[in-house]
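Q: Residue numbers (the numbering used here), protein chains in the order written: chain Y, 22 to 557; chain G, 436 to 641; chain A, 901 to 995.
Any given hint could turn out to be false.
To be verified - Where chain A lies over chain Y, by a calculated footprint (3+ residues, C-beta under 8 Å): (1) 266 to 280; (2) 445 to 456.
What the hints assert, rightly or not - With a Cα cut of at most 25 Å, we get these calculated DMTMM-like pairs of lysine to aspartate or glutamate: (3) K79(Y) / D526(Y); (4) K968(A) / D451(G); (5) K522(G) / E911(A); (6) K602(G) / D450(G); (7) K522(G) / D966(A); (8) K454(G) / D966(A).
Unchecked claim - Sample of chain G residues at the chain A side, in silico, Cβ under 7 Å: (9) L467; (10) G469; (11) Q520; (12) L584; (13) H588; (14) L621; (15) P635; (16) F637; (17) L639.
Rather than coming from a laboratory, the hints here were simulated on the basis of the structure. Quick caveat: nothing in here was measured; it's all calculated off a predicted structure. From the three backbone atoms N, C-alpha and C, an ideal C-beta is built for every residue, glycine too.
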Amino acid sequence: MTEHTEHKHEPNYLEYRGKYTGLMGWLTSTDHKRIGLMYFYAMMTFFLSGVVMGLLMKLELIAPGEQLMGAQAYNGLFTVHGLTMIFLFVIPGVAAVFGNLFMPIMIGAKDVSFPRLNLFSWYLYMIGAVIVLSSQFMGDGPPDTGWTFYAPYSLKTQTNVVAAVTGAFILGFSSILTGLNFIVTMHRLRAPGMGWMRMPLFCWTLYGTGWIQLLATPVVGITFLMVIAERMLGIGFFDPAIGGDPILYQHLFWIYSHPAVYIMILPAMGAITEIVITFSRKTVFGYSAMVISSMAIAFVGYFVWGHHMYTSGMSTTARWVFSFITFLVAIPSAIKVFNWTATLYKGSINMQTPFFWAMGFIFVFMIGGFSGLVLGSLATDIHVHDTAFVVAHFHYIVFGGTGFAFFAALHYWYPKIYGKIYNGKIANLGLVIFFIGFNTLYFPMFILGIMGMPRRYYDYLEQFHSLNIVSTIGSWVMATGLIIVIVNLLRARKGSGKEIDNPWDGRTLEWQISSPPILENFEEIPVVDHEPYDYK
Amino acid sequence: METTATHHADMHRDDDASKIGMWLFIFTEILLFGGLFIVYSVYRFRNPVAFHIAHQELSITMGLINTIILLISSATVAISISAIQKKDRKMSMMMLGMTLLFALIFLVNKYFEWGAKFEHGMYPGSDLMTMLSHGDMLFFSLYFFMTGLHAVHIIVGMVLLSVSLFKVRNGAIHSTRFVLLENSGLYWHLVDLIWIFLFPLFYLIH
Amino acid sequence: MSKDNHHHIVEYKNHILVLFLLIALTVITVAITSVELGPYNTAAAMVIASIKAAIVLMYFMHLRFDQKIYRFMATIVILIFFAVIIVTFFDYLYR
């Protein structure tokens, strides 16, 4: 940690000047860290607009009957909320931001294997995002199909489905290229001495994620192309009126979109693993079990898509097969939770903000996981299918999982990204309010679902009123917490925080270089001669 | 620059990385068409008779000729890679030129094949097509969509091969640096690979 | 990673041999599907197509001569794809 201080004159990645300066210097930069930050800023913008849409929906649901908007506006709102949050935030989320920022550093590389392709992926992401969001304003009104675009309704509705689907297709392409880039980078650019089994676990989760992106995304890509072709050319694939099978659409859609859940959650688990290890100041319990469970989640997660379709009219055999495989995924997921716990055991735990976020992640993720078992078993799923229970479940997984991990990772790597430290007390306060708001918002929906409240309606019966009020108030509390968290981070960025290279005593390579990192990360490519988490 | 450039990521040249990248992209393409093969197999399973009758509209001879053309073009591109490794630039360029020629013939054939269908009023969105029975409709939708997408890949492959040809000509691709040609070749073989399955699935239903 | 096997050069005549093999298999496919074998027609056509694909992968696409990692990855991908088809048909076969 001392040898590089004399090289401080090297400009860091935030400051260096290339051919262009200012905004162009960023938009033309192929530096993986700058690209990661560009993803981050774009994603936060989309995330916050998605949050606003969510708040509006909750406000509409504060009482039965029409409050703010009618049925059609509400349908458009939940569709675009879903599209924004799923395709623009959680799917690229942790991988595109923190993967880009830190994966090359963690394996001791100067950049990814294809830096220009990496920048191209970012542009594809932005183009796709603009198209998806513009579908809300252009043409015949916002799509009202839900983010799943189920046939045959998506083929029949007069709203702007083609634009939204095209945008999603382009976003998928961006995701594929990022995954490809990461896989090649990990194959080719690991520093000397860093064998596969010495890679930090965050990188392993990105490796598994990369494979899912490569192998699952094209399936939904082609499905979206077929939907476009069916709408524009009038050829038949999924419309039962001309012989198609709408359930086949659901199969193809979920062949991607279930693995997409693992695209979201695997890197999130990886980031949480890094945090748990660093803040326990103890080497990870069961490194190879963690590696294998990451790959097993990626692999098994590829074959469980049918559990979204229990009530669709799929054959009984398929239903129990999918139910069985779904239960198998619980095994590697549980291995992860056990290993986190075992890593904490007898560690000298450092109680700081990233650690609290990680604990929050484990808590909400377990609630999400257990409620997932209710949905994964056939008999109980029939009861709660398409109710608020499902909404609560996947918000616990997707927002509680990926969202919490995203903020955990942000608080963990923030000093490395900006070379500044935020106010820990305010960060903790924001987290506590956010956490309370989160559970107040979503937990009542479990109960509402079991009571029988269907999802995706702007209106509901009087008997659901009181819990909906609780839920709406929760949404305000959560938004308050979110504002505190974000303002705190923004203030730290503007303020003159202390410059710290390794505030948490991390052992992975990104903590061994200066904060913020210099242009090509390392003065000299490091030679690795020990395990990744080398705590004495 | 070259001497100090070893530390600059942009200057770094890693042929193996490019090749792994190309293979990963090919896997993506396989799964892209894979989705269509799933759709095809499900609908054929559900409409066996209609698929059998509908396929008789397609000419086996035409399909056979195109199959053989693509196989030959695959061989020529493979020879072109061997040639560049043997420093036989002329041979390499000739073989690439032949590959492009065969690709063009394939497209011309396809044009006439589709053209004949269009003349009979059979094209996506036509009145005739909307009047078809369910199974026939699915067959022809898949036929147009899959062969159309395949033709798009042929065109992309031709662009890649043309760039390679140009670079072989001006010496940018040579016996120790031919990864672009190799990758274009891999892509071209992928196009062939897909056709190997499309041919029996559409032209040879029994 | 050794660089030596990277430059394996395949002789022209081997490519030509492979080409004739592929054309022969194509002709055999056409011949087989023109005789009556019941359900085995499709199976035979698919088996031959798979053999052809394997030949293209191994020889034209150099999987036989390249590092093992490519062969390994290609095999996994193809197996996953087949598994997806099989799992999908758990629905359609038993509906």
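Q: Next step is simple, just say for each hint if it's right about the structure.
A: Going through the hints against the structure:
1. 266 to 280: holds (count 3)
2. 445 to 456: violated (count 0)
3. K79(Y) / D526(Y): It is violated: about 42 Å lies between the C-alpha atoms, which goes past 25 Å.
4. K968(A) / D451(G): Holds, because 13 Å separates the two Cα atoms, which is no more than 25 Å.
5. K522(G) / E911(A): Cα-Cα ~13 Å, so holds.
6. K602(G) / D450(G): holds (16 Å)
7. K522(G) / D966(A): Distance ~20 Å between K522(G) and D966(A) Cα, so the pair holds.
8. K454(G) / D966(A): holds (11 Å)
9. L467: violated (11 Å)
10. G469: Result: holds, 5 Å to nearest chain A Cβ.
11. Q520: Result: holds, 5 Å to nearest chain A Cβ.
12. L584: Given a least distance of 17 Å, the restraint on L584(G) is violated.
13. H588: Check failed: Cβ of H588(G) comes no nearer than 15 Å to chain A, outside 7 Å.
14. L621: holds (6 Å)
15. P635: holds (4 Å)
16. F637: With Cβ-Cβ at 11 Å, over 7 Å, it is violated.
17. L639: holds (4 Å)
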